[in-house]
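Student: One-letter residues, chain by chain:
Number of protein chains: 4
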Amino acid sequence: MIVIMKVNASQAAIDRVQFEIEKLGYIPRPAPGESRTLIGVIGPKPLRGKQHLQALPEVSDVLDISTPYKLASREWQPQDTIVKVGNTSIGGNKVSVIAGPCSIESYEQTKIVGEAVKSAGGHILRGGAFKPRTSPYSFQGLGEEGLKILKQVGLEVNLPTVTEVIDTEVLEMTAEYTDMLQIGTRNMQNYTLLKEAARTGKPILLKRGMSATVKETILAAEYILNEGNEQVTLCERGIRTFVDHTRNTLDVSAIPAFQRLSHLPVIVDPSHAAGKRHKVLPLALAGVAAGAHGIMIEVHPNPEEALSDGPQQLVPADFKDLVDRTRMVAEAVGKRLD
Amino acid sequence: MIVIMKVNASQAAIDRVQFEIEKLGYIPRPAPGESRTLIGVIGPKPLRGKQHLQALPEVSDVLDISTPYKLASREWQPQDTIVKVGNTSIGGNKVSVIAGPCSIESYEQTKIVGEAVKSAGGHILRGGAFKPRTSPYSFQGLGEEGLKILKQVGLEVNLPTVTEVIDTEVLEMTAEYTDMLQIGTRNMQNYTLLKEAARTGKPILLKRGMSATVKETILAAEYILNEGNEQVTLCERGIRTFVDHTRNTLDVSAIPAFQRLSHLPVIVDPSHAAGKRHKVLPLALAGVAAGAHGIMIEVHPNPEEALSDGPQQLVPADFKDLVDRTRMVAEAVGKRLD
Amino acid sequence: MIVIMKVNASQAAIDRVQFEIEKLGYIPRPAPGESRTLIGVIGPKPLRGKQHLQALPEVSDVLDISTPYKLASREWQPQDTIVKVGNTSIGGNKVSVIAGPCSIESYEQTKIVGEAVKSAGGHILRGGAFKPRTSPYSFQGLGEEGLKILKQVGLEVNLPTVTEVIDTEVLEMTAEYTDMLQIGTRNMQNYTLLKEAARTGKPILLKRGMSATVKETILAAEYILNEGNEQVTLCERGIRTFVDHTRNTLDVSAIPAFQRLSHLPVIVDPSHAAGKRHKVLPLALAGVAAGAHGIMIEVHPNPEEALSDGPQQLVPADFKDLVDRTRMVAEAVGKRLD
Amino acid sequence: MIVIMKVNASQAAIDRVQFEIEKLGYIPRPAPGESRTLIGVIGPKPLRGKQHLQALPEVSDVLDISTPYKLASREWQPQDTIVKVGNTSIGGNKVSVIAGPCSIESYEQTKIVGEAVKSAGGHILRGGAFKPRTSPYSFQGLGEEGLKILKQVGLEVNLPTVTEVIDTEVLEMTAEYTDMLQIGTRNMQNYTLLKEAARTGKPILLKRGMSATVKETILAAEYILNEGNEQVTLCERGIRTFVDHTRNTLDVSAIPAFQRLSHLPVIVDPSHAAGKRHKVLPLALAGVAAGAHGIMIEVHPNPEEALSDGPQQLVPADFKDLVDRTRMVAEAVGKRLD
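Residue numbers (my numbering), protein chains in the order written: chain F, 12 to 349; chain L, 12 to 349; chain H, 12 to 349; chain C, 12 to 349.
Worth flagging that the hints you see were computed from the coordinates, not collected in a lab.
Some hints here could point you the wrong way.
Cβ-Cβ distance ranges computed for the label pairs, FRET-style [what the hints assert, rightly or not]:
#1 L:Ile93 - F:Glu155: 41 to 49 Å
#2 H:Gly36 - L:Glu156: 16 to 24 Å
#3 F:Asn104 - C:Lys159: 53 to 61 Å
#4 C:Gln90 - F:Gly154: 34 to 42 Å
#5 L:Met184 - H:Lys61: 35 to 43 Å
#6 C:Ser71 - L:Glu86: 44 to 52 Å
Owing to the predicted nature of the structure, the values given are computational and were not obtained by experimental measurement.
We put the beta carbon where it would ideally sit given N, CA and C, even for glycine.
Working from the sequences, and respecting the hints, build out all of it.
Tutor: Okay, structure coming up:
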C-alpha cells in the first residue's frame, strides 16, 4: 500500500500516520515530495488496515498497488533515477559506456584496455577479479590482486570502476576497491548478497537473471532499494531461449518494459548475449536505439589469449569504432554520448 | 556440394559437367557468374561422387558445404539479393517501410491507411484478406473482397501491395491481386505452400516461425529458391520464450545472423512481437539499428475498433512519427529511408 | 455462449431457440443429451444477445464460456471421447500402442516391422509416406507407393493404419489408403488442412505444435470438431525449450492439462521428443504414468540404415520389451494394455 | 584428464605419479579402487602434459575427458552413488519419499504433517525455515525457530530432516539442526554456497536451476564433490519454458540424462513444477516411471491457509494416496518403495 498524504500536511501529521502504520505492524517509508508526502507501507504480514488508514484526517488516499514492488516503481517515483558512479553518472538523457576486460589478467593488460576505454570516450572501467565459473576447473580470477590492479588503472586513466561481487565474504573488500558493485546474472536472486551489497551504500549494477522475467528483476532491485540504497542500474544481458545462433537472446523489448514500470536506468550488455564478436556491434546499437541508458562492452588487447570469454571480447580499435557508431545512434534517438 | 568451374569455362564444358552430375543421380543447378560458373549439386540421395567430379578437367574445385542449404547461402552468392516489388525494392542500402492494417475491413478503412502510409513515406501497402486465426470463431478476413480493396487502394495511392497467402487453394487468386506474397509464421514449414507460392514467380515475404531457428528459416527459404524463385525477403517477427511482458520476443540478433549466413534481405515486424503499441517504436528502431533492411508496421485509423490485433496497431500520426525516427536511425547506421 | 435448454424441451422449442440464435447472426449447434439439449452459439461476430436468449421461455440458462473453444471442452462434453480406428479404439481405460517405421522405405521393411508391432501387442500400424522435411534435399518419402505398402501390410498383419497427411493435395489419396490421418506438428495451425482433413470423416491424430500452448492445441482440435468430426486424438510430442540433451522436451504435464480441459484422448510420442533411442523407454513409461491414453513409437529393423530419424527408432526386440514394461505401468495406474 | 594406474600399483608408484602431476602445475586427486587407482588431474591452467604422464612406467593410460566434469561422471565412477541421510538412504533400487510443509509455520502444523509423512511411508521430513522469496515483502520463514521445530518433530516421528540453506551466514546453524542440506534452484550457481555447504560434510540435495542445462547442473554438483563431499542428490524441479499451464515444465527426460552422465541419485519435485495440486500426482508418477530415485512432495494440513505456495501443497489424505500409487508404479519399473 501507498499512503498519499494531503498537500502540505505538517510533519506532525506525517509522524502520526507513520505511528498508525507501525501500530498495524508495518514499516512506514515516507517519501517527501515538493507538495505532498507519500508513505510506502511495507511489511511481511498480509497487508490489512487499508480502511483504518483511509479514515485518518491527514490522509488523502490509500492505494493498493497491484505491482508487488513499490520503491522501484514508476508510481512511487515518476522521474528517472540518475545513478552516480564516481565522477560520472548513469541515466537520464545520456548514454554511458562501461567497458573493460572480462577478467583482469595483469596490470599491463588492464592498463592497455583502460587507456583504450578512456580514449574512445568510455565512462566506467569494468573488469572481473572474482569470476563465477560454471566449471570448478575454469580460471576463477585474480582475486584481491585483480581488485588492486583495477583500482590503480582506474585512477591512472581517471575512470571510475565496476566489478562483480560474487559473495558476501569478499563484499567488504570488493567495495573498498571499486566505485560500483556488479551483481551477476547467476546471483540476481541471491537475496542475502543483494541486501548486504545494498548496505555498502555503493551504486549497484544488477544484471537480469538468465531466465528472470522483467517483474522478477525489478523485485530483485526492490531488495536493494528496500535497504535504503536507491543507486541501482538494471542490465539486460540476454535470456535463455531455444535459439542456438547466440549464447543468449538479447531481449531488447525489456528496455522499454523496464522503463515503463520502473524509474531505474537500464543498460545492455551485448557481449554476453552475443557470445561472438561480430554480433556485439549490432546488438549494442539495437539496445541504444531501443532506449538503453548505456552499454557494457568487453575489451581485450588479445582476445584469442583471454583467460575467459575470448570469442566475445573486442580489440581496442573495434571498440573505438563501436563507440563512434553508438554515438550516432544515440543522437538519432535524441540522447547524447559524450 | 558446389562445383566451381574454371574461369571462362566454355558452355560445352559446363554442359558436360552437368551431364556428369546427372549421371551420378543428382540435379545440377548452374549459376553463371561474371568470370566463372558455379554449379549447385542437388539431390535426395546421400551425396557421393565428389572425387569423380573433382577429377573432371573443367572443374576448378568441389566444395562440400557444411550448411544444409545452398542457394540461400552467402557462399553460393556473396552479394546481397535485392528483391523487386512493383515499383520499389527491398535490400541493399535502403530501409523499406511496409505498412497497413492487420485486416482489411473496408474500402474506407484501407483508403485512410493507404494514404497515411504513402504520405508518411512508406513503400509497400500491406493488409490481410485471409487471416489464419488461432480460434475458428475469430474473424477470418474478407477474402477475395479484401484482396480487391487492397489492390484498388494500392493503385490509388501508388504503392505496391503485399498480403498473406494462407493455403494453396487461394494462392492463384491471391497472386493475381497482389505484388508480393507473405507466408505467415504458422506456415513457415508448410512446404507444399512454400513450393507452390514460389512457382507463381511473385516475390515472397517469408516470416520466421515462432519457434524456428535461423537455420530452419533459411532452409524454408531454400524450398522457395529451389523452385527457381530468388525473390525472397526474410522477416524476423519474434519468437516464443518464457518472457511475459511481450507477446513474442523480438530476436534482434537474428538480423546479423541471417545476413552472415544468407544473401537474402531481412526485415523486422515489431508489431506482432510487441503485441502492444508503445513497444512498436523502440523495437522498430532497434531492428534498423541492428541492420534490418526494412520494417513492417500495422496501422489502423481506429485501433480500438479493429477486428484483429487492435492493441498493437498504430494510428496514422504515430506511424508518421515512427517513420521519421526510423529515418534518423537508418542514417545513423549508414542507410537511407527515402 | 452455450444455451442450456430446459429438461425435456420439445423439438419445436429447440427449433425456435435455434431460429432466434440465427436471427442474432450466429450459428446454432444443438447437442442433444439424454435429458436435455445444449445449443452451442457460434459466430464470427463479437458475441451479443445473451440477455435476449436468456429471456426465452424454453431456455434454462445461457453460459458465457471463458475458454475460447467449445466443442472440445469438458464443459461441453464431460465424458471421455473414445476414438474408433478400424477394429480398435483410443481412449477411456485403455492404453493404445501405435508403432511402425518413421518412413515407409520398402514392403520388406514395413512387413518386418508390422509383424513385430502385431506380435508385441501393438494396436495401430504407423508409417510415413509423405515426409515434411526441414531441408528440401532430404528424403521426402515414397508417396503413393508408400501408402499402398502401408495398407497392404496393415491388412496382412490385421492392424489399422495411420499416416501423416502433409497437404490438401494428397489428402483424398491418403484418406483412401489409411484408417486414421495424422496432422504433424508443423501443420498444427494449417487451418485449411485441419478443416479439409476433418471433412474426410476419418479419425484424426493431431500433434501438438512444437511451440503451441495447450490452449492453442485444443483450439486446433476445435477446427476439426467444428466441421462435425469428433474423432480427434491429441498427441504430446515435445516442445522447444533451451534444453539441449533431447531434441524436444516432452511436456508430461500437458497430459493432465489436456484431460482436465478437454474430453479428447491424449497420447504421447516419446520417439520424436527423445531424439535418441535410450530415452524412448523412460519417456513412454512417464507418459503412461501421467495418464496418457497411448504411446506412439518408431520401430525399424535396422535403425542405422533408416532414411530418416534413425537414431530414435527401436529394433523390434527393444520395442517388445517397451510394450511389456508399458503394460506393467499401465496396470499400476489402473489402466490396461491388451 | 584422468590417469589410470596399472593394476596393483604400489603406493610409492601412486605417490610418484602424483608428484609428477604437481610438477606440471596440476592438483592430483587419487581415487583408490579395488584393483587399481585412478588419479583425477585438476587444474586452472589449460591441461597439458598428457604425453609426459602417459610415458610414466606406472601409468596404464591417460584419458582426456570430453565432459567438463570429472568426479560426478559415470566414467569416473560407474556404480550408482547411495546417499546416506540419517537412518535412511537415497539411490539404488529404492524410491525415497521426502515430504513436509513448504514453510514451517508452527510446531502444531509441522507435527501434524510429520506424523502424516511417517504414517504414509515417507522417509525424510522436509520443511523451510529460511525462504528465498521473489518479493522482499513476502513471508521469509521462521528462521532458527523453524529449524528447532523441524528437528524436534523429526526426532518425535523418527524421520531424518532436510531444509534449504539460503546463504553462508546461516549455514553452520542450519547444518547443526538438520540431516541434509538443500541448495535451492536460485542458488544452484552460487558457487561460494556450494563449496561451503559441501565442507559441512552433510549430504546435499541440489536442485537444478530453473534454466540450467543438465551439464551445468552436474558441474554445480562437481563443485561439491571437488570439496571432498560425495553425498550429493540431484533434483529435477521443472524448467522455464513458454508453457503457461504449469509454473514450470517438469523435464522428465532429464532423469535418464542425469543417470547416463552421472552416478549421483536423482529425485523429482513435482510440487514446484506443477504449481497446482491436481498435477502433483501425475508428475510424481511420471518421474518415478522415468527412473527417479525419489520424489519430494509438499504437504500441509490446511493448504488454503499456508503462508507460501498454498495451491501446490497436498492435504495428508491425498499425500497418502499419492504414496500408495507411487509404490505401485515403482514396483512396475522394478524398484521398491518401502
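Student: For each hint given before, does the structure comply? Return the numbers of the non-compliant ones in rising order.
Tutor: When the structure is compared with the hints, only number 1 turns out to be violated.
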